[in-house]
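Participant: Can you make the complete structure from the sequences, with help from the hints?
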Amino acid sequence: MNLLHFIEEFTTDNLLKKTSSRREVFSTFGNLGKKAAVAAIPFGLASTKAKAAFVQDGNAAVNALQLALTLEYLEAEFYLKALDSGVLMGSSRAEAVYAQISKHESAHVDFLIEGLGDDAIDSPEFDFTAGGNFDPFNENGTGQEVAYAQLLALAQAFEDTGVRAYKGQAGNLMGTPFLTPALQIHSVEARHAAEIRRLRADVLNANTDQHALGWITLNQRGPGMPEVAQGVYDGEENLTQGGVNLEDATSFSAEAVSQAYDEPMDGETATAIASLFIVS
Amino acid sequence: MKREQNVIEEPSQKSMKKQPLNSRRNFLKIGGLAVVGTSLILSCSEDDEMRRPPQEEVFDLGAGDLGVLNYAYALEQLEAAFYQHVMDGSYWMNAGAEEKLILEDLYNHEIIHREFFKAAITGAVNGDSSQVLPDLEFDFSSVDFTSRASVLQTAKLLEDTGVAAYNGAGQLIETPDYLVIAGKIVSVEARHASAIRSIFDEELTSFAGDDLIDGNGLDLAMAPSDILAAVGDTGFIKTEFTANQLPTS
Numbered sequence: 001m002n003l004l005h006f007i008e009e010f011t012t013d014n015l016l017k018k019t020s021s022r023r024e025v026f027s028t029f030g031n032l033g034k035k036a037a038v039a040a041i042p043f044g045l046a047s048t049k050a051k052a053a054f055v056q057d058g059n060a061a062v063n064a065l066q067l068a069l070t071l072e073y074l075e076a077e078f079y080l081k082a083l084d085s086g087v088l089m090g091s092s093r094a095e096a097v098y099a100q101i102s103k104h105e106s107a108h109v110d111f112l113i114e115g116l117g118d119d120a121i122d123s124p125e126f127d128f129t130a131g132g133n134f135d136p137f138n139e140n141g142t143g144q145e146v147a148y149a150q151l152l153a154l155a156q157a158f159e160d161t162g163v164r165a166y167k168g169q170a171g172n173l174m175g176t177p178f179l180t181p182a183l184q185i186h187s188v189e190a191r192h193a194a195e196i197r198r199l200r201a202d203v204l205n206a207n208t209d210q211h212a213l214g215w216i217t218l219n220q221r222g223p224g225m226p227e228v229a230q231g232v233y234d235g236e237e238n239l240t241q242g243g244v245n246l247e248d249a250t251s252f253s254a255e256a257v258s259q260a261y262d263e264p265m266d267g268e269t270a271t272a273i274a275s276l277f278i279v280s
Numbered sequence: 281m282k283r284e285q286n287v288i289e290e291p292s293q294k295s296m297k298k299q300p301l302n303s304r305r306n307f308l309k310i311g312g313l314a315v316v317g318t319s320l321i322l323s324c325s326e327d328d329e330m331r332r333p334p335q336e337e338v339f340d341l342g343a344g345d346l347g348v349l350n351y352a353y354a355l356e357q358l359e360a361a362f363y364q365h366v367m368d369g370s371y372w373m374n375a376g377a378e379e380k381l382i383l384e385d386l387y388n389h390e391i392i393h394r395e396f397f398k399a400a401i402t403g404a405v406n407g408d409s410s411q412v413l414p415d416l417e418f419d420f421s422s423v424d425f426t427s428r429a430s431v432l433q434t435a436k437l438l439e440d441t442g443v444a445a446y447n448g449a450g451q452l453i454e455t456p457d458y459l460v461i462a463g464k465i466v467s468v469e470a471r472h473a474s475a476i477r478s479i480f481d482e483e484l485t486s487f488a489g490d491d492l493i494d495g496n497g498l499d500l501a502m503a504p505s506d507i508l509a510a511v512g513d514t515g516f517i518k519t520e521f522t523a524n525q526l527p528t529s
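If you're matching them up, the sequences are chains A and B in order.
Under our numbering, the first sequence has 172 at position 172, and the numbering climbs by one with no breaks.
Add 280 to the 1-based position in the second sequence for our numbering, that's all there is to it.
Heads up, some of the hints might be wrong.
[As the list claims (entries may be wrong)] Listed next, with one range per pair, are the computed distances between beta-carbon atoms:
no., chain 1, residue 1, chain 2, residue 2, range
1, B, Thr455, A, Glu125, 37 to 47 Å
2, B, Gly495, A, Ala60, 25 to 35 Å
3, B, Phe480, A, Ala60, 39 to 49 Å
4, B, Ala429, A, Gly86, 30 to 40 Å
5, A, Gly86, B, Phe480, 25 to 35 Å
6, B, Gly495, A, Ser92, 19 to 29 Å
7, B, Glu520, A, Gly243, 45 to 55 Å
To be clear, the hints were calculated from the coordinates, so they are not data collected in a lab.
Ideal Cβ placement from N, Cα and C applies to all residues, glycine included.
Facilitator: Right under this line is the structure:
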């Protein structure tokens, strides 16, 4: 995977181009996303073998919690770096929201480390540029505006992934004392996901966009989300619950039915998404 | 599946919007009985349910997973009925575009949840309707549906309660598929709670506020007995039912 050419192409021209509106910033990100989808790997399709952060040891509950810890490490470090980056405006809603979420993600890390005891894993080394595809902390000259758009988009992708990943592991925690705390974390991640989506909508001036109110419609990423993040949303379009197709069984639209249920994500897919940001 | 369609096709926007607002307000002032009469007519689509004498015997939620599903069904009935009233009220009709869309979506989602539980439980007991929680009667006379604060405060309470209820019930579920479905619903309830808090509360961190989330970053999880007691305190549910056989661990 040679990203050098891709990065060179984008560094000086498009990304640094002065943009005139929030919407354009996001569409710049959207274009980057499309390019990145070709050059790099979309979310969800990365190889899990080389970068898997944890070793399957046959204990489903331990594996589930180790995956959870990996995702929490990722989120915790992301929000800490975001708050340190200077990309978020001081005393803004965004800063307050990120600080609150950061507090929770760091607490989740500590909680899971304690819960796992000897089975706790060390934090992987993260690269939130995903090999140079993003510059959310404005460390590589992207500029505040594009960095901010990426910071928000990555947060939404991480939160929605977290919600789906915890849901996917619930079955592996049945009968253990960790099920209830995992559910308690899961709903906090969902609260975060809704707020980040709404914050992004606010920045985009898209508060009345059907896909930005706080929930996921079909498998749509929402306004301004780059195409590379599609793997986070694939499968969310499911309309059948417990064998009942709820679009047929009710007279509600597929959009409404899909919004009413969040879908789980298996551990392999969640690991693949996290692996995009894991160096080692 | 005609039955579900009947239930769904007569939501408040269609049948109740025609009613002048002021007469609706008068209804609320008359007291709980009139309101209950109204919502009963609107929410019951089946003849046999209309004919069933109210409270001829007190329904018990049941044991095991059936009990837990009926418990969730009761909460979804409550939420759905509340949002039906919201959409009939003058606050919603005159609300700003964003709030209007959010509350309309919440109405949609809660009715879809309610109808799912009805279908799922009915299927699980092979159509034995004596084991399916009946359509409950509600009394929302303590809520002022003309008032933004009253509506959103109640929505916040119900959504937060829903999250805490599902989080607390997860460990009581024996069938993995049911646990996953509960998980699919609870995160949507949490998204609702977050959005309502986000538009209603001034505190920028309220979406996952310190009033709820503890030092470990954990949301509330409450046992059914505590949830039912709290719901009972609201006075919203008029139909008596018992939870004598619900699992406790």
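Participant: Of the hints given before, which are not true for this structure?
Facilitator: Checked against the structure, the only hint that fails is number 7, while the rest are satisfied.
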